[in-house]
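Undergrad: Chains as they are written, first to last, in my numbering: chain A, 1 to 232; chain B, 233 to 480; chain C, 481 to 684.
The set of hints was computed from the structure by calculation and includes no laboratory data. Since this is a predicted model, take the numbers as computed values, not measurements. Check each hint, because a few of them may be wrong.
To be verified - Mimicking BS3-like on lysine-lysine, the simulated pairs with C-alpha atoms at most 25 Å apart in a straight line are:
| id | chain 1 | residue 1 | chain 2 | residue 2 |
| --- | --- | --- | --- | --- |
| 1 | A | LYS20 | C | LYS606 |
| 2 | C | LYS546 | C | LYS660 |
| 3 | B | LYS387 | B | LYS319 |
| 4 | C | LYS484 | C | LYS546 |
| 5 | B | LYS319 | C | LYS550 |
| 6 | C | LYS550 | C | LYS484 |
| 7 | A | LYS20 | C | LYS605 |
| 8 | C | LYS484 | C | LYS660 |
| 9 | B | LYS387 | C | LYS550 |
| 10 | A | LYS28 | C | LYS605 |
| 11 | A | LYS28 | C | LYS606 |
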Amino acid sequence: MNATDRQVPGMLSGLLATAKRDLLLAWKRPGDVLNPLFFFAMVCTLFPLAVGPSAEQLEFSGPGVLWVAALLSTLLSLNSLFLSDFEDGSLDQLLVSPQPLPVLVLGKTLAHWLTSGVPLVIVSPVLAITYRMPMDVVGVMMLTLLLGTISLSLLGSIGAALTVGLHRGTALLSLLILPLAMPIMILGANAVSLAASNDVYTTGIWALGAYAIASISLAPYATAAALRISNE
Amino acid sequence: MWTWFHKLASPPHFYRTAALLSPWFAVPGLALIAWGTWQGLFVVPMDYQQGDAFRIIYVHVPSAYLSLMAYMIMATGGAIGLIWRMKLSHAVAAAAAPIGAAFTFLALATGSIWGRPMWGTWWEWGDPRMMSELILLFLYFGYMALRAAIDDTAKADKASAVLAIVGVVNVVIVHFSVEWWSSLHQGQTVFKRGTMDADMKTALLIMILGFTLLFGSMLLRRIRTEVLYRERRTRWVRDMILSPKGGG
Amino acid sequence: MTHKLSADNLTLIRGERCLFQGLSFAQESGGLLLLEGRNGCGKTSLMRAIAGMLSLETGQVFWDDKPVEKQRQEFHGALVWLAHRTGLKGDLTLVENLSFESALRAQSSIDVESVYERLGISRLKKLILRSLSAGQQRRVALARMLLADVPLWFMDEPFTNLDREGRALVIELVEEHLAKGGMCVMAAHQDVELEAPVNRVTIQ
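If we strip away everything but chain A, and leave its shape as in the complex, we get:
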């Protein structure tokens, strides 16, 4: 019985194992991945219906609409990030795991990004084209979404951790996360607009990249702390 002398596997394998499990769970319940995508498409449909289908207007508002829709759709999927873990006792297991909690949290967030952010990036060109976005601008938009959704997933995980186990958590989650997420949307949507008007848009991209790096390195700690508090 010298279990404590045996080497616990490195952090990377803890991260990957958690990500793999969540991806497997998403695979078995594809609805959880698809519903936010449908929601994304529907929000994009609402705007032309509300403000009119004129080409000029669509071209002008496209970047903003797509970004707002992406933000709302990510928010929708965040609610369930820790919910089932909380309900079935997996969260307890994560909290007493020999792996550091922030690493496991990062693994879960990675899986969330792969199942919410990346699909959004893949679907977005279709909707962007309906908004008459030129192809080179579509590329910029995909890049901003790719970088921005990393930060959205990570920031969102803090909110999801703070509200897990609370009644009426969904509305509260939006209230907590939207003000935090506004800078990401500002950077993303405006970079796309700048690209559309042939302006220098790289500032926005760099800022989104920096934001993503900062949130990768800081947010998991906040989320881990929040999970410990919420699970008390």
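Fit chains B and C to the given chain A structure using the hints.
TA: For chains B and C alone, kept in the frame of chain A given last:
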């Protein structure tokens, strides 16, 4: 030093000290505000561009400044409470939130009133300061909503502290991203940096100081209420209420 | 290698209620620490506090005479947690569930198949957990506990949802674990008869 600190952190002691301290903030604070108002309204000459409308800065600027300071107090209180597990510190954070939100609202309202003659509209989306202030108000709402949603006080304290700390980092990012955004859209700001004459500056400083002292007094009173509520089942509260003097 | 789990002057307040105050104990390898008391008296809370999931009002928990908060990772590497909510995913198969757990833990020399055999769950390996009965799911949780191969077992009401045979099996597993020099912390509302020494902590 440390014994003094620990003594102050004990709820009954703080409750009594705060009662003694509060008027020392309130009276000079109100006096300064009265003086500053008189200065601002009657002594300082009219602005050659904005006319009399600019005089609202004597409320607007101190409010905006306190809206940020209250948020800092809230986050610092939460951080101290998390790290050193000091309960009084969480009570300070809880007490600061509604006052901060009120000053944020005041800053927005005065900004909007000021904007009416300047821009010809009650609300100008292009002004980066107003935008940041509005997002700050949402951050306050989120904080208070999270507190309200958690029944257990200790848990609410800790969870909201995490949120406040994350929020502080965010306030900085919001500021810069909104500045950038506004520069793209030729946003305009009412409050131009530039020459301010000496009278105007003095009056503004008097108002800021007065508002800060008043804020200090409000904060102390709210912390007292918060402490009393949190300690409602303890012996010292019962003893104090049942004592002939009926409690301070 | 023997271990020691001890606690000094634990006080826990939940909401308005003080669950226990000034509680201390010391437990060496080879024995069972049994937490007793009425339903809802705070047995589970005490156990969660010992494992580091609840913050205590006062007091400290020690693992090998070192405070656990100073060595969280080592302490968590030495323990396994079994509770009413099993922490297994209903959408995953038995093997998928357990391989996730083993990826987080140190390599063990225990033969997986023989553990499945012993718990009578070999036939269920390819089934998703949701399709198993509550008792079978408990057995999967027990398998996870055995496969973790760690010295300290936390068991919260381990007899729930188990038939007579299952209960006997739990007792047998605990006896064996203690005989090998393991240690067990158990919260149970019924008494547990063991050959190994039982250290009782009663919460009023």
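Undergrad: When you check the alpha-carbon spacing of B/LYS387 and B/LYS319, does it fall within 25 Å?
TA: OK: B/LYS387 and B/LYS319 at ~12 Å, within 25 Å.
Undergrad: What's the verdict on A/LYS20 and C/LYS605, does the C-alpha distance respect the 25 Å limit or exceed it?
TA: The hint holds at about 19 Å.
Undergrad: For the pair supplied as a hint, C/LYS484 and C/LYS660, confirm whether the alpha-carbon distance does not exceed 25 Å.
TA: Holds, because 15 Å separates the two Cα atoms, which is no more than 25 Å.
Undergrad: Taking only the CA atoms, is the gap from C/LYS484 to C/LYS546 under or equal to 25 Å?
TA: Holds, because 10 Å separates the two Cα atoms, which is no more than 25 Å.
Undergrad: Is B/LYS319 within 25 Å of C/LYS550, Cα to Cα?
TA: holds (23 Å)
Undergrad: Does C/LYS660 sit within 25 Å of C/LYS546, going by the straight-line distance between their CA atoms?
TA: Holds, because 23 Å separates the two Cα atoms, which is no more than 25 Å.
Undergrad: Could you grab the alpha-carbon distance between B/LYS387 and C/LYS550 and see if it respects the 25 Å cut-off?
TA: holds (23 Å)
Undergrad: For the pair we were handed, A/LYS28 and C/LYS606, check the Cα-Cα distance against 25 Å.
TA: holds (15 Å)
Undergrad: With the threshold set at 25 Å, check whether the alpha-carbon distance from C/LYS550 to C/LYS484 stays at or below it.
TA: The hint holds at about 16 Å.
Undergrad: Could you grab the alpha-carbon distance between A/LYS28 and C/LYS605 and see if it respects the 25 Å cut-off?
TA: holds (17 Å)
Undergrad: Would the hint linking A/LYS20 and C/LYS606 be met if the CA-CA limit is 25 Å?
TA: Distance ~18 Å between A/LYS20 and C/LYS606 Cα, so the pair holds.
Every hint from the earlier list agrees with this structure, and none is contradicted.
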